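Q: The residues making up each chain are set out below.
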Amino acid sequence: MSKDVKIRKGVNIKLKGIAEKLYADAATNSDVVLKPTDFPGLIPKLSVKVGAKVKAGSPIFYNKENDKVLFTSPISGEVIEINRGEKRKILEIKVKVDGANTFESFKQGDPSSMSREEVLDNMLKSGVWPFIRQRPFDIIADPMVTPKAIHVTAFDSSPLAPDFGFIAHGESLVLQAGLDALAKLTEGTVHLNITGNTNADEAFASAKNVQINKISGPHPAGNVGIQMHHIDPINKGEVVWTLNALEVLTIGRLFKDGKFDASRSIVVAGSKITTPKYVKTVMGANIKDILKGNLEDGARIISGNPLTGNQVQENGHLGFYNYQITAIPAGGEPRFFGWFPFFGFNGFSLSRTSLSFLSPNKERDLDANINGEERAFVMAGQYEQFFPMDIFPVHLVKSMIYKDIDLMENLGIYEVAPEDFALCEYACTSKIETQKIVREALDLVRKETS
Amino acid sequence: MKALEDFMQKMKPKSDGKFPIAHAVWDGTYTFLFVPGHTNKNGVHIRDSVDLKRTMIIVVLSLIPCLLFGIFNVGHQHFLALNPIDGIPYSFLDKIIFGTIKVLPLVIISYGVGLGIEFVFAAINKHPIQEGFLVSGMLIPLIVPVDIPWAMLAVAVAFAVVLGKEVFGGTGMNVLNIAMVTRAFLFFAYPTKMSGDKVWTNTSLDEGQTLVDGYSGATALGNAVEGGVDAIPSIMESIIGTIPGSVGETSIIAIGLGALLLLLTGIGSWRIMLSTFVGGFLMASVFNLVAGDNLFMQLTPLNQLVIGGFAFGAVFMATDPVTGTQTNSGQWSYGILIGILAILIRVANPAYPEGMMLAVLIGNVCAPLIDHVVIQSNIKKRLNRLKTA
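If you read the sequences in order, they're chains W and H. Note that my numbering has the first sequence beginning at 1, numbered continuously upward. Note that my numbering has the second sequence beginning at 1001, numbered continuously upward.
These aren't lab readings, by the way, just hints derived from the structure by calculation. Be aware that a few hints might be false.
Calculated Cβ distances over 10 angstroms to all of chain W for the following chain H residues [stated by the list, open to error]:
#, residue
1, M1001
2, F1034
3, V1050
4, L1061
5, L1295
6, Q1331
7, W1332
Below 25 angstroms or equal to it, Euclidean Cα-Cα: the simulated DSS-like pairs (lysine-lysine) are [what the hints assert, rightly or not]:
#, chain 1, residue 1, chain 2, residue 2
8, W, K16, H, K1380
9, W, K398, H, K1381
10, H, K1387, W, K236
11, H, K1380, W, K9
12, W, K398, H, K1126
13, H, K1126, W, K148
14, W, K236, H, K1126
15, W, K436, H, K1387
16, H, K1012, W, K403
17, H, K1381, W, K3
18, W, K125, W, K53
19, H, K1381, W, K9
20, H, K1387, W, K3
21, W, K236, H, K1041
22, H, K1041, W, K403
23, W, K447, W, K45
24, W, K89, W, K398
Distance ranges between label pairs, derived from CB positions [stated by the list, open to error]:
#, chain 1, residue 1, chain 2, residue 2, range
25, W, T28, H, G1017, 49 to 59 angstroms
26, W, D25, H, A1003, 23 to 33 angstroms
27, W, L355, H, A1003, 40 to 50 angstroms
28, W, D406, H, D1293, 14 to 24 angstroms
This one's a predicted model, so the numbers in the text were calculated from it and none came from an experiment. Backbone N, C-alpha and C define an ideal beta-carbon position, used for all residues, glycine too.
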C-alpha cells in the first residue's frame, strides 16, 4: 500500500546557478581517487601497493572489520599514489587512468533468479556494496545483517541538486535490475520514494517489486531518513538500509553487464560556474578535468551540495557518494554593521529579520561566510521549523554535546543522520556545528553499544 | 570601511598578552563594528545571515517605544504633582528634558555595570564577549522606579549578572531572567525603596515649586491593593500610559508596538504572549466569581491585564527564549502558568502588589520541568512503538 507523505517543515533554498538540463561534452579523465575518509567509521586495509596495475572492479582496499566488504577501482590503470595523514591514516589512493578500459568480470544475470547469497556475494566482490548505507549510524551496511526494509530515494531536494529523473530517463531496465537485486536482500519491502512535487520520471513510476511512495514538500523531503520516518519509522534494534536511485543504477549495471561500471552523470552548478550543466564522468574523477574552463575566480568548490558536501581544492576529486559539484563564492570579507537588521547588508535570511522575506522566490548568491560567531543555544523553536521528524532536535543535539548515551537513545538517535540536520545548521542563529556534533555522537554510540 | 577595518586590525592586542581585558575590549568593539569574515569549516558551507547580535538588537529596538514613552511619562507625572509656577502650565519639552535627565543615567549605569562585568568575565575565561546583556541592559531601567538610588541599581545589576548569569556559564545558560533577578534583588534587599506610594513618581521640588494638595504618587496597583479601587485610572488611561508606574511598563500602546515588532520578525514567541494573557484573563475571571466584597477581585479581567507590569512582563520577560520553555507545546503551559500566578499573587497577597515579577521567576524555575514532561511523553511514544513493533 503506497504512502502519500506531505512534508510541512523545511524550506527550499534557492541558489543561483541551477544547471540546465543538458549534457556538456564529456571530459577526459586523467586520474581518479578513492578516499577512505568518505566512509565514516571505516578503518581501511590496503589490497594494493603503489605501482599495482588494476582493472575497473579490482579491489583497492577493504574494511578491516569485515574483509568481505571490498572497495574497488572505478577505472583501469595504475596505482600511483597513496597519501597518508597523521598516524599513517590513509587519506586517498590515486589511480592513473590508462585508457585501456578493462573490467573485472562479475556474475551477470537477472537477480530475481539468483539466490540471496549469490546476489550478496556479487555485490560485495564488485565494490558496489559501499553504496548501501544503513540506519542506525549512517555507515556502510553490514552484510551479515538482514534489514527490516530498504529505502531508495528517487529525488534530491538539496540546493542545486541534480534531477534524478533526468539522469535516469530511459534506464528503466537497469533500474529494475538494481531494485530486483535489493529485493533479494531483505525479507521486508523495498521502498522507492518518488517526488510528489512534480510528475515523476517514467523510469521510477514503472518500477516493479517495490512499494512506490510519494513524498511532497520542501527540502529535506528528499532525505531518505526523513522519508523513512514518515513511512515506517525505525526502532531500537532494527536495521534499515538506504540508497539513492542513481546508486541503484550502478548496482543494476553490475547485474546487467557483469562489470563494475562506476560512470555516473553529475551536475556542475553554482554561481561561480560559468555554464552550469550535467556532465558524464566517473566516481572519484579529477575535478580539474570536469571543471576545465568553467570555473570563475574566488570560488569555494564543494563535492556535493552546499549543505552536506565537502570542500575540495581545484585539483581534488569527486566523492564516492556525490553526484554534484558546486562552486559558490568563497566569501571571507567582514561586513560593516552587517548584523543590523533590515538596513544595510540585508543578506538572505530564513527568519524575518532581513527584508529578504519579501521576495521568497528570488535566487540568492550565498557565500561561505559564517555571518556571526559561535554561541550557545539561545533561540527556541528554530531547529524545529526545519526538522520534519517527531524528534526534538535541539534536545537531541544537546544530549549529544554532553554525551548522554541513554538520553540520546531515548530521543531518537537511531533514526537520524547528519544530513537531516543540515538545514537546521544552516538556519542556526548560534552558528553551531551541528552536523559535526551529530556525526561524532553517532560514532560514539556505535562504539559504546557494539 | 576598508580603512576602519585596517585600523582595527592594527590595534589588535595579543590574545595571551599581559592585559587580557585589552583583547576582550578590542574583540567586543571589532565585532560590534563588523560581522567577522570567518568562513565555514565543518558541515554546511552556507549559513543564514541572522546571528545573535541581530536578534538581540531587534529586541532592543522593540523596547524603544517603551523607553521613549517612559521618558515622557516620568516628566509628565512629575509635573502633574506640582502646581504650575505663576499659572504657566508645564510644556511638553519640560517633561521630555526632565524625563531624559532622570532615565538616561539609569540606562548608562545598567549597561555600564553589566557590560563591564561581562568584559571582565570574557577576559578571564578567554571567550569572546557575548550578546546576552544587550537586552537585559535595556530591560532593567524600564522596570525599576525612576528614583532608585544609583548605587543600589549598580549593586543589583552586578548581583544579577554575576550570580544570575556568569556563574552558570554566560549567555544561553542562565536559569532565571536577568532583568527580573535585578528587580527581585532590589525588591527584597531594599523594600522601602521599591514599594509604597512615594517611589514611582519623582516629587522633588525645585525653587518655587509646590506640591499639589492631596497628591498621591500611588500606582494603580498600589491603589487597588489598599482598596481604593475608585482611584484606579480608567482603562483608556492605562492603555495610553499616562499613569504612575516604573519607567517602561505603563503604556500598553508602546508595549503593543514592541510586541508587533517581535511577532513580525518571529523573535518573540506568540504562544507565550498569547497564553500569558489567557492565563491572566482566566485567573481574573475566577476572582470575579468569588469576589464577594473585595473590590480588587471585582476588577474586570481587562482592567487587571492593563494595570501594573503584567503586559510588559508578558511581552518582554516571559518570552525570553533562554529562560522559558523550549518546546512549542510546553510554551502554552508556561504562559498560562505565568499569567495565572501573576494575577493570583497580586490580588491574594497584599505584600506583593507586583505579582508579575515573582510569576516570571517561578515560571523560569518551572520551565525545565514543563519541558521534561513534554520530552518524556515523546520518549514514551518512542518506547511504545518499540514494544508494538
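Q: Evaluate each hint against the coordinates.
A: Okay, the hints, checked on the actual structure:
no.	hint	in the structure
1	M1001	violated (4 angstroms)
2	F1034	violated (4 angstroms)
3	V1050	violated (5 angstroms)
4	L1061	violated (8 angstroms)
5	L1295	holds (40 angstroms)
6	Q1331	violated (8 angstroms)
7	W1332	holds (13 angstroms)
8	W:K16 / H:K1380	violated (44 angstroms)
9	W:K398 / H:K1381	holds (20 angstroms)
10	H:K1387 / W:K236	holds (10 angstroms)
11	H:K1380 / W:K9	holds (23 angstroms)
12	W:K398 / H:K1126	holds (23 angstroms)
13	H:K1126 / W:K148	violated (50 angstroms)
14	W:K236 / H:K1126	violated (42 angstroms)
15	W:K436 / H:K1387	violated (32 angstroms)
16	H:K1012 / W:K403	violated (37 angstroms)
17	H:K1381 / W:K3	holds (22 angstroms)
18	W:K125 / W:K53	holds (18 angstroms)
19	H:K1381 / W:K9	holds (21 angstroms)
20	H:K1387 / W:K3	holds (23 angstroms)
21	W:K236 / H:K1041	violated (33 angstroms)
22	H:K1041 / W:K403	holds (23 angstroms)
23	W:K447 / W:K45	holds (19 angstroms)
24	W:K89 / W:K398	violated (30 angstroms)
25	W:T28 / H:G1017: 49 to 59 angstroms	holds (55 angstroms)
26	W:D25 / H:A1003: 23 to 33 angstroms	violated (48 angstroms)
27	W:L355 / H:A1003: 40 to 50 angstroms	violated (28 angstroms)
28	W:D406 / H:D1293: 14 to 24 angstroms	violated (57 angstroms)
When the structure is compared with the earlier hints, violations turn up for hints 1, 2, 3, 4, 6, 8, 13, 14, 15, 16, 21, 24, 26, 27 and 28 and for no others.
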